[in-house]
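Participant: Fit chain B to the supplied structure of chain A, relying on the hints for placement.
Residue numbers (this note's numbering), protein chains in the order written: chain A, 1 to 390; chain B, 1 to 484.
No lab work stands behind these hints: they were computed from the structure.
You may find that some hints are simply not true.
Unchecked claim - Calculated Cβ distances over 12 Å to all of chain B for the following chain A residues:
no., residue
1, Leu33
2, Thr53
3, Pro59
4, Arg119
5, Tyr155
6, Gly165
7, Leu180
8, Gly195
9, Pro201
10, His220
11, Thr253
12, Arg314
13, Gly335
14, Val342
15, Ile385
Unchecked claim - Covered stretches of chain B, as calculated for chain A (at least 3 residues, CB under 8 Å):
no., region
16, 33-47
17, 111-117
18, 228-237
19, 292-300
20, 307-319
Cβ coordinates follow ideal geometry from the N, Cα and C atoms, glycine included.
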Amino acid sequence: MPPLDALVRDAHALAMGDAVPVSDAEAEVARQLQICNACRYCEGFCAVFPAMTRRLEFPKADVHFLANLCHNCGACLHACQYAPPHEFAVNIPQAMARVRGQTYHDYAWPPALGKLYQRNGLTLSLALAGGLALFLVLAVALKGGLWQVPGADFYAIFPHNLLVGLFAPVFLFAVLALALGVRRFWRDVTPATSGAPVSPPAAAEATHDVLRLKYLDGGHGEGCHNDDDAYTLARRRCHHLTFYGFLLCFAATSVATLYHYLLGQPAPYDLPSLPKLLGAVGGVSLALGTAGLWRLNLRRHPLQGDAAQKPMDRGFIALLFLTATSGLALWLARGTPAMALVLCLHLGAVMALFATLPYGKFAHGIFRTAALLRHAVEKRQPSPIGLGAD
Amino acid sequence: MDPDVLVIGGGNAALCAALMAREAGATVLLLEAAPRAWRGGNSAHTRNLRCMHDAPQDVLVEGYPEEEFWQDLLKVTGGLTDEALARLVIRHSSSCRPWMRRHGVHFQPPLSGALHVARTNAFFMGGGKALVNAYFRSAEALGVQVRYETPVERLEIADGRFVAAHLKGGERIAAKTCVLAAGGFESNRDWLREAWGQNERGEWPSDNFLIRGTAFNQGVLLRHLLEDHGAERIGDPTQAHMVAIDARAPLYDGGICTRIDCVSLGVVVNRDGERFYDEGEDFWPKRYAIWGRLVAQQPGQIGYSIIDAKAIGRFMPPVFPGVKADTLPELAHKLGLPVDSFMRTLDSYNAACRVGIFDHTALDDCHTEGLAPAKTHWARPIDTAPFYGYALKPGVTFTYLGLKTGDTAAVRFGGAASPNLFVAGEMMAGNVLGKGYTAGVGMSIGTAFGRIAGANAARAARQQPAQPLATLIATEQGALHAAA
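Bound conformation, chain A alone:
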């Protein structure tokens, strides 16, 4: 139960009609931003601080918007004269990360599943175990075992229509859940970010910022922070390998679907076919990127980010890595007795990944994109604050 003074504060706020009650994590961001707004040394690093200077107060929706705009690059932590051990204890990356974690939970659809964020390591483990079990049991049920399937035809093990019947609903549900979640987020932060509609230049800028991961460049192009106060481009590059690797793998699957239905060419495909090329490059890129992100995550400065979310971060990285490497292994295992087992492993990983997309780290990309788009819209409006000193 919340402490009495918090209840009194919330009741007072409601009675005054001037504020929506805020969580401790949100109140902490508001406290820190009050200090930042009186300092402003970090304005050059990212989008968060220029957005902050357009505000004098930080109610709930503004905090959610700013928290999702933050990329946890760490620049403001290492540059901060008020960072711990200073008594002001300003740690924006950490405070923002905590609110982001809360955002994912609060905006999850259906709401009851928001809880899956809170024990995300467990969620992902169970999803993976479930995915593996599903395909192992299916294989045994359909084929009587895992070693009796010679040849190189996946569909000899799992018929194509069975796979479509399993994956399509899960994938479509994930898309729906993410879309409904981010739609509610968008509706809440839009009034707090000028309310103006999206213009083509704003959309173009946000797209650019997402695809280039602009705000991991440190504002000067030398990169962001990981282990310490030195700049590094490693996080940005590993994220690019992961992101584009993921997209290539996704493209491989999409192109393969077209081959299947439009050209009547069922899998497997060989080099140099387009699905194979996309999948091979994407798989290698995704494996390298996630291996790099894993290593960087282990070495991340302890003050940077929210330690409680490490299981979510690492679980997602590991699942992506498993998806990529099992996909590559499947290529090597084709025609060998191990193929069926590796196929089960790969399909199980992909199923776990799809099933948890709306309830894991993947959501950060969706909410951040929405925040970047709102930022690109808001920055084009005149600032509501006019400082006389300028």
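Facilitator: Relative to the frame of chain A, chain B by itself:
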């Protein structure tokens, strides 16, 4: 093995010295009194460098020629400066930034709320702590040895020649040469008390001062050099960069965010509820540096900036919320001010306002008539609820008492320059800045003298004579012109 150059201090000037000495091939040991988390002294709180430039230069717009910079410095110091040294600092600021960039410092366009210095000041991206971090990284990469939590207690000096430093724990560190860049004495409460003494009301004013910067500038070596070694001195111990800050700021390290920028938008009263100075004399960025001393002269060393709802959003948001009230008497009561005299002051101020066209971006025509002291600009009646009050205390940034030096940065004993002991930063800023302040000039002085002190320490370690700062400037300006 003993290092060639010992640098005492860990702020901007010390790091500049260490980097220059190392670049010149000397082995360097840097001793920082603070633990790593608090390294960098007051430099970690800075945000920009005042720079001369004849034409637009990356982040700097228009031009800020030497003469204008010099006139600005002359004005704020009231002539308490050394023109030759000041002009060297100014010229050095026009060509030192490529060197700073090489050591990892990034510059950015001026911050919002600071556009008034877009022409004169180059901002460090992320502020001074990012600069300090970059310099430490560069120094360590070049092989400078760094020791934290290593305060030096005294120096061994023979015939004006540095021999060794003695640490608090008793350890003795010998070196061929030494650069002193250990800051002023602003964090030393006893010394401040001694310098400011007792006033006519029997108060010890400095007891109410807050220190905006580091707690580690105790002035141990400054006092040691002046008193035990008879080093030549410069400056007055009561002179300092001092501004009026939020009275609720921490005792140390409150830094930039504790400033209160609404003085010119309202009135300021003292403990007795009376006004004491023209709040609208000039633009706030040109006046903020005098208000620390103004408040220090008031009873209890406290002032109260009073504004109404019309001012909200027109000044940099303060770090702590103001005391808020729906009526002026209620505000006085909440601030603990005598309501009657407060209301007399506010009523006569409000009645004396002659409001024309209010414009906070210009020296407008809103002024008072028949009021003493007058408010000469931006005078509008304080009549729109809610009302806000901010208690102000003097906040010391750094002290100006220091060691006398010349254009080689050498410490002087009995009229002669030491052959191997140099000084930089706050420990000698008083040579250029006898009083007053203008934004970013502390870093201009620290960078110029830190660099020449380090270069000369490396030269002295090789038995070469010291070079004047002008030689370094000529070399760098030559390189700039060649590049252009």
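Participant: The structure should be examined with respect to each hint, and the outcome stated for every one.
Facilitator: Hints and how they fare:
Its beta-carbon lying about 10 Å from the closest one in chain B, A:Leu33 breaks the requirement of being farther than 12 Å from that chain. Some Cβ of chain B comes within 12 Å of the Cβ of A:Thr53; the nearest lies about 5 Å off, and the non-interface call is violated. Here A:Pro59 stays apart from chain B, with its beta-carbon at least about 15 Å from theirs, past the 12 Å limit. Every beta carbon of chain B lies more than 12 Å from that of A:Arg119, the smallest distance being close to 34 Å; the non-interface claim holds.
Taking the minimum C-beta to C-beta distance to chain B, about 56 Å, the non-interface status of A:Tyr155 holds against the 12 Å cut. With a least CB separation of 54 Å from chain B, A:Gly165 remains clear of the 12 Å interface cut-off, as annotated. No beta-carbon of chain B is positioned within 12 Å of the beta-carbon of A:Leu180; the least distance is around 36 Å. Residue placement check: A:Gly195 keeps its beta carbon more than 12 Å from all beta carbons of chain B (closest about 19 Å).
A cut-off of 12 Å between C-beta atoms confirms that A:Pro201 is not in contact with chain B; the least separation is 21 Å. Once the 12 Å rule is applied to beta carbons, A:His220 is inconsistent with being away from chain B; the minimum gap is 4 Å. Every beta carbon of chain B lies more than 12 Å from that of A:Thr253, the smallest distance being close to 42 Å; the non-interface claim holds. Residue-level check passed: A:Arg314 sits 28 Å from the nearest beta carbon of chain B, beyond 12 Å.
Even its closest Cβ contact with chain B, about 53 Å, leaves A:Gly335 beyond 12 Å, as expected for a residue assigned away from the interface. No beta-carbon of chain B is positioned within 12 Å of the beta-carbon of A:Val342; the least distance is around 46 Å. Listed as outside the interface, A:Ile385 is inconsistent with that label: its C-beta sits roughly 5 Å from the nearest C-beta of chain B, within the 12 Å cut-off. Coverage of the region 33-47 of chain B by chain A holds. Counting CB-CB distances below 8 Å, 5 residues qualify, and the rule asks for three or more.
Counting residues of the region 111-117 of chain B whose C-beta sits closer than 8 Å to any C-beta of chain A gives 6, which meets the bar of three, so the coverage hint holds. With a threshold of 8 Å between beta carbons, the proposed coverage of the region 228-237 of chain B by chain A is violated, since 0 of its residues qualify and at least three are required. Remark: the region 292-300 of chain B is not confirmed as covered by chain A, as 0 of its residues place a Cβ nearer than 8 Å to a Cβ of that chain, below the required three. For the region 307-319 of chain B, the assignment as covered by chain A holds, since 8 residues bring a beta-carbon within under 8 Å of that chain's beta-carbons and 3 suffice.
Figure legend: structure checked against the earlier numbered hints; hints not met, in rising order: 1, 2, 10, 15, 18, 19.
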